[in-house]
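Chemist: Sequence:
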Amino acid sequence: MINGYADGTFRPTGTLSGNAFMKMLLGALGYDSSIEGYTGGNWSVSVIKQAAGIGLDDGNDEFVGSKAVTREEAALYASNMLKATMVEYDAKTTVNVNGATVTVAGNKAQDKAWGTATNNDGNIDDDGFVQFAEQYFDKLTLRSVVDSFGRPSNRWANKGVEIGTYPKTAGASYTEDVTLGTIYADLGMTDKDEKAEVYVDGVLASELAKVSKGNDAKIADLKFAGTDKCSVGNGTLVEAYLDEDTNDVTIACINTYVAEVNKVVAASGNKDAYITLSDTTNEGRMPAKFSPSDEFETDGFESDDIVLFTYSNADEEIKSVVKAESVTGALSKLVLTKSVSLGEETYKFSNKYGTEYGEGRLDVDSEYVVYLDDYGYAIYVEETEYNIADYAFLRALQSGSVVFNTDKAALVTYDGKTKTVDTTKDYLDGVINTYANNTEKQIGDAGAKIVVTKALEDGDYRLKAVETLNVKNDSSFDMVNSDARINLTVNGTAATYFANSATVFVVKNGTSYRAYTGIKNAPTITADTSAKAGTGDVDVSLYCRSGNMVTIAFIDATNADYISAGSRNIVFLAEDSESKHTFISKNDYYSYNAVVDGEIKEVLVQSTLDKLYDPANALLVPGDTGAMVNENMVFVSPQYDDGVITELTQVNSAAPFSADVNYDTVTGTEKLNENYTITLGGANGTAKYTLTVDTGVKVFLLDDDGVITEGDIKNVRKSDTDVATFVLEDGQITYLFVQQFTKDKEFNGDVSKAGTLSFNARAGFGATMILGTYERPSHVPLSAEAKVVVNVFADGKFAGNGTLTFDSGSKVANVNVPTATTGDEAITLEVVSESFDNVNVRYVNADTKTEIAQNTTNFTTLPTAAVSTTAGSGSISFQLKTTSTDNISYTIKQGDTVVKTATTSAANASVTAGSLTVAQTAEVVVEISGLSAAKDRYTYTDGGWTSGKALNTLGLGSLATDGSKTVKVEIVPASTSTLVSGTEYALDVTLSATPVDFAAYTVKIPALNEEVTLYTGHLTERITFTADKNVDLSTAGAVAVSGVAKLTATPSGHTAGSTSITVTFNRPVVAGNTAGNIKVTTDGSSDDTSAVVTWAPDGSSLTVTRLGGGTFAATATVEVKTTALEDAYGSQINTGVLATVS
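Residue numbers 1 to 1142, in the numbering used here, belong to the letters of the sequence shown in order.
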């Protein structure tokens, strides 16, 4: 392929340049390096000239031969080489030079033509010459077709199986509408085409295009269907093709559409993963044939992704999908139907663009995401994901003046705080003109506004008013915790709005504000109908981003029936962190380490709370100079601002935990169980609970002093001293606070014997608490109870011993061991002994020395997997999954010890070995012998075929003669009903008499994948098979009989004036097709010696030809002379006329 480099080297590990690769391809095509000048210092010039001349670099306009070739480039050039024509040289001479034979080639390469032997011309190019793929890949074919978008394309196939269809390289490409004159110029045309076909998304436009010099008409001006024009514009890929042989132009226009992924389906069974798409805008810019049920096979997207796709209306299917790229920023300019600008950057709209809520709702200075098509056009615009923290109620505006040199706004923020901010401009100046300078608006006032705020880098705020619904003095207002409906009266008409888990409520009560997120956390608020008219009403200002779904609501409930309930903003106060009574600025507080709504904080609790509780609890006693909290406690519904709590609601702490939110504090903890339950309590006389843990549980750990750190459910240990406070919401633990006392010294380590014990030990006065995690030895199942006896050493001296009992299924246990300790010693352990109540059982094929897996493929039901180690109580049961009744034997062993001697039984029998005594030291092995000789048994069902079945009952139609004849299928040996695996059997298939209505009868037995054909002289045939399954001939279709038509002849060309007559037979003639047995007559009796009879080699036809170019006259005949024609089944055509010229 290559003769090396000019310096004589080959450099096998070097990088391959484009020039070198082209030289290899040219060599493969037959070009001679020495003749073509591919050697010497300037070899690359000759190579590139030749390669470019035959199109090897087509598709890469930026080919640089000196650069290393990439994998993509190599594939392109190799593909071009497959289509390239091979060459040969006009003459070659062989001479002898100094004893060596040298071939001297001609000096002109010429295209290699096909010879008369093998000819694959047309596989690639029907030109009479040999393309590389035609010679070396004789089953590879290339056809010129039109793809789903109307583009001239190459369709590759191998051995008749399509590889793919790939569009040809366009002569000119555009990504916007274009004039027909421009296409004319860019294609380099010299003659116009006034009937150019135009395809839009695969469908042919009704109006043909005139591609001519200077034509200013655009594609979008052409009629597509009826009065509709071609949908072509910004973002449309326009590809123009010129057939240089015919001067025909084809224009294919492919639009890019935008959609949202609305369903992602994983692969299952034989169906690949796929997605479906939905319209983002409902503005009518989707493909005409598009359906939301259209599937596109891919696994590369997630639900709600914004994607770009192409669609063939001709094929009615999605052709490509890619995720859309986007840019984000504040809208600085909008030109309707034309463009959007974010900052200084302007993006023209694609012709298939859409917006989330319509162009009319795009607001300058608001934040948007602009999705771009592959050509940089804006194809979809949506608001940025809104941030609820940006919303506020606008209380007042102030214009800048000489005294106050800045513009200001007074706000109530989404979280219930009040603040005053500097603004970017004077919003009183016609921007928010419902406000008077320095005049406060209250919630619900006419013209009051909810605004979206944006903090800028200089600290100023930008405000944007949103559409605000204001309701004042509403006596019908009704909002119930956990009920999505909010009922109120708007302009005298009853109305219902809705809330969900994301809705934010900022509720004013007196002079304070409090925020809630989600309707399940919001209070119940109803107008106080018992109050005097107008004094119990509710004021509301609310905003809905979509429909009647409330995004944020500001509610003044000062005069309403205001019920603070339902909020699940959990507050945990750590008792041990409480300070004494503290006075700050005339207010008195208690300080605590706390968790407030999942965040660790230090808080001050006002000693005179707005809400008072039952003093009998002695838990919260306003004004007391002692502790307010005498244990770790949980509350909800805090009134919390800047670290000060002025209001709390106590959580139910009494079993059976019937409230929505409950809590309790207990002593004693266990580790999390595999089924995500946990046991808490039981120590120091506290209640013991086994509770389900929410998968999103929040865990916090406390030390002896009440210092809180965030933890994990895995940090919860087995302890009789740890204090656990849990919060139950809807029956599951959502918060868990564990105080782990660590004053005593704690030691840990690993000790091993048969198994491995990992331990934590803490010594106290006279006792040592040991928490152990135990890995059982490999021969012991997790289901076994394990007892581990340990010696305890304090500072190296024996101090006592104890037993850790690990229950079935558990790796964790603890024991409090009486020890001679004071609490200051270092603790180590020693394993004295281990005991287990069962050990593993394994099954082995003794013939092959291989393990038999314990599954329902090998056993009828799962066999005994573990056996008891209690003396005389062990029992092992198993039943092999086999139909064999041959004898097998089994031996139960433990190491070299035989636990039970070999016992014989049928292979398919259920076996139980009881009263076994096995040791705890090793696994038990059941060795099964005789499996190799055991044969499965199958059934043979005759279905009545041994007696025979008449042909007229087998669905062959009306039989004139053969109806009473029978077909028999008889098994050998006769009367066999049980088949032994691996044994050979035979079936004799018999036809009772010579066929008449058909030439032969074929009998198929699909279960054995066999068929026989019975005919004259061959009325019986034997089928042999080896038993490996049941054979049932009683079911429909188990034996299928069909007839084989008699031998027939069909003439052609037998009209006056023909020079030849052909007679074709439905099956080859095997007898009677001898020379002289066919005669041709012109007078009805005498042989016509001027006619020659030629038989096809396989006997399937004969041809009679007049010598000397003569023709046949009417009444001439072709006849069988003396011997009847006969096929392989003995079916005959007797002597007589085969064809008569008409």
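Hint data in this document are derived by calculation from the structure and do not stem from the laboratory.
Here the structure is a predicted model, which means the values were calculated and not measured.
Any given hint might turn out to be false.
[Claimed, not checked] Restricting the straight-line Cα-Cα distance to at most 25 Å, the calculated cross-link-like pairs of lysine-lysine (DSS-like) are:
| no. | residue 1 | residue 2 |
| --- | --- | --- |
| 1 | Lys1029 | Lys968 |
| 2 | Lys601 | Lys419 |
| 3 | Lys671 | Lys787 |
| 4 | Lys935 | Lys949 |
| 5 | Lys417 | Lys520 |
| 6 | Lys112 | Lys139 |
| 7 | Lys787 | Lys849 |
| 8 | Lys881 | Lys1121 |
| 9 | Lys213 | Lys229 |
[Said to hold, decoys possible] Label-pair restraints from in silico Cβ distances:
| no. | residue 1 | residue 2 | range |
| --- | --- | --- | --- |
| 10 | Ser476 | Ser512 | 17 to 27 Å |
| 11 | Tyr136 | Lys49 | 45 to 55 Å |
| 12 | Asn491 | Asn387 | 47 to 57 Å |
| 13 | Pro292 | Thr1002 | 49 to 59 Å |
| 14 | Asn491 | Glu344 | 39 to 49 Å |
| 15 | Ser320 | Ala446 | 37 to 47 Å |
| 16 | Val972 | Ala909 | 29 to 39 Å |
| 17 | Asn845 | Ser977 | 21 to 31 Å |
Note that CB positions come from ideal geometry on N, CA and C, so glycine has one too.
Chemist: With reference to the structure, classify each hint as holding or not holding.
Modeler: Now for the hints, and whether the structure bears them out:
1. Among the hinted pairs, Lys1029 with Lys968 is consistent with the structure: their alpha-carbon atoms are about 22 Å apart, no more than 25 Å.
2. Note on Lys601 and Lys419: the hinted pairing holds, with a Cα-Cα distance of about 23 Å set against a maximum of 25 Å.
3. The suggested pairing of Lys671 with Lys787 holds, with an alpha-carbon distance near 19 Å, which does not exceed 25 Å.
4. Annotation: proposed proximity of Lys935 to Lys949 is violated, straight-line Cα distance about 33 Å (limit 25 Å).
5. A C-alpha spacing of about 22 Å is found between Lys417 and Lys520, which places the hinted pair at or below 25 Å, so the restraint holds.
6. In summary, the hint linking Lys112 to Lys139 is supported, as the alpha carbons are separated by about 19 Å, within the 25 Å threshold.
7. For the suggested pair Lys787 and Lys849, the alpha carbons sit about 34 Å apart, so the restraint of at most 25 Å is broken.
8. Simply put, Lys881 and Lys1121 have alpha-carbon atoms about 69 Å apart, too far for the 25 Å limit, and the pair is violated.
9. Of the supplied pair hints, the one linking Lys213 and Lys229 holds, its CA atoms being roughly 22 Å apart against a limit of 25 Å.
10. Range check, Ser476 to Ser512: Cβ separation about 25 Å, and the 17 to 27 Å hint holds.
11. For the hinted restraint 45 to 55 Å between Tyr136 and Lys49, the CB-CB distance of approximately 25 Å leaves it violated.
12. Between Asn491 and Asn387, the C-beta spacing of about 31 Å breaks the proposed range 47 to 57 Å.
13. With their beta carbons about 51 Å apart, Pro292 and Thr1002 fall inside the hinted range of 49 to 59 Å.
14. Range check, Asn491 to Glu344: Cβ separation about 44 Å, and the 39 to 49 Å hint holds.
15. At about 54 Å, the CB distance of Ser320 to Ala446 disagrees with the hint of 37 to 47 Å.
16. Remark: the range hint 29 to 39 Å for Val972 to Ala909 is upheld by a beta-carbon distance near 31 Å.
17. Checked against the hint of 21 to 31 Å, the pair Asn845 and Ser977 passes, with Cβ atoms roughly 30 Å apart.
Figure legend: structure checked against the earlier numbered hints; hints not met, in rising order: 4, 7, 8, 11, 12, 15.
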